[in-house]
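Colleague: Sequence:
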Amino acid sequence: MKQKFTTTFLLLFSVLLYAQEQQFQVFFDFDISETNTASTTKLQEWISDNPTAEVEKIYGYCDSVGSLEYNDVLSVKRANYVLEKLKSSNIKISGKAEIKGFGKRLTQPGLASANRKAVVYYTIPAKKEEPVAKENLSEETKNLKTGDKFTLKNLNFYNRSGVIVPSSEPILKELLSVMVERPDLKIEIQGHICCQLGTDLENIATIRARAIYNFLIENGISKDRLQYKGFGSSRPIHQIPERNEQERNENRRVEIVILDSK
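Numbered by mature numbering (1 follows the signal peptide of the UniProt record, and there is no 0), the letters in the sequence shown go through residues -19 to -1, 1 to 243 in order.
Treat the hints with care, as some may be off.
[What the hints assert, rightly or not] Label-pair ranges, simulated between beta-carbon atoms:
| hint | residue 1 | residue 2 | range |
| --- | --- | --- | --- |
| 1 | S158 | Q227 | 26 to 32 Å |
| 2 | S69 | N124 | 45 to 51 Å |
| 3 | S75 | E50 | 34 to 40 Å |
| 4 | G179 | N230 | 19 to 25 Å |
| 5 | T127 | S203 | 14 to 20 Å |
| 6 | S69 | Q227 | 39 to 45 Å |
| 7 | E120 | E15 | 50 to 56 Å |
| 8 | T127 | K204 | 47 to 53 Å |
Rather than coming from a laboratory, the hints here were simulated on the basis of the structure. Ideal Cβ placement from N, Cα and C applies to all residues, glycine included.
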């Protein structure tokens, strides 16, 4: 089982930590300098997911309708609108950040709506993954009964994915040990996300719960003892929008519910 765990873990975590420079786009309605409804939501989600980002450039663009001069002004307004939104949300802006509008000078063929945009260029500082303290789940779960639940602390995923970061290996091993030591346990793995109200359109909560489910099955736990479910942001610990990163982390969690402990 140890060799199987190691192989599975290495495959699971073979991902890049961050890109040197990344891009993020938002879009605007015709002749408007404020982001459209869909992009306003998307921008807020990006802000919540990337609190350590540093913005290097914001470029605004327009479609081909209207004069060069008019679109030059409009594209700068779009870039500055995004800039102010990021500043008000405490996103770091580089001291050498370039805020620029290209008007309709770089219009791309295709849908006009695709040209009514602003592009944010940013970097994410390298984050060193530190091993976390081993959770003593065996002790915590010793007296649990049907209906009880607990949170898998120090369990973290890469942004908007079901890929678990390497520093979370100890808590996965502890959960596996509990399920081996307690063959009477049947559990439901419940995924939760932070930051956004309404439907979890990408099913991130379910994807993350299923990742734990698959991990346990791959390491010898019978699927008859396991269930999983995603709740999106419908059961937050803290009111959304959260006030800080700690509240976002606590809302973004995986919980284990004891279905049967015989």
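Colleague: Look at each hint and say if it fits the structure.
Modeller: We went through each hint and held it up to the structure:
1. Look at S158 against Q227: about 28 Å separates their beta carbons, and that is inside 26 to 32 Å.
2. Our hint of 45 to 51 Å for S69 and N124 holds, since their Cβ atoms are close to 48 Å apart.
3. A C-beta distance of roughly 29 Å is found between S75 and E50, which places it outside the suggested range of 34 to 40 Å.
4. Here the CB-CB span from G179 to N230 is close to 21 Å, well matched to the stated 19 to 25 Å.
5. At roughly 18 Å, the beta carbons of T127 and S203 sit within the given window of 14 to 20 Å.
6. Between S69 and Q227 the beta carbon distance is about 20 Å. The supplied range of 39 to 45 Å is therefore violated.
7. As the Cβ distance of E120 to E15 is approximately 54 Å, the hint placing it in 50 to 56 Å holds.
8. Taking 47 to 53 Å as the suggested C-beta distance range, the pair T127 and K204 does not conform, at roughly 19 Å.
Against the hints set out earlier in the document, violations occur for numbers 3, 6, 8.
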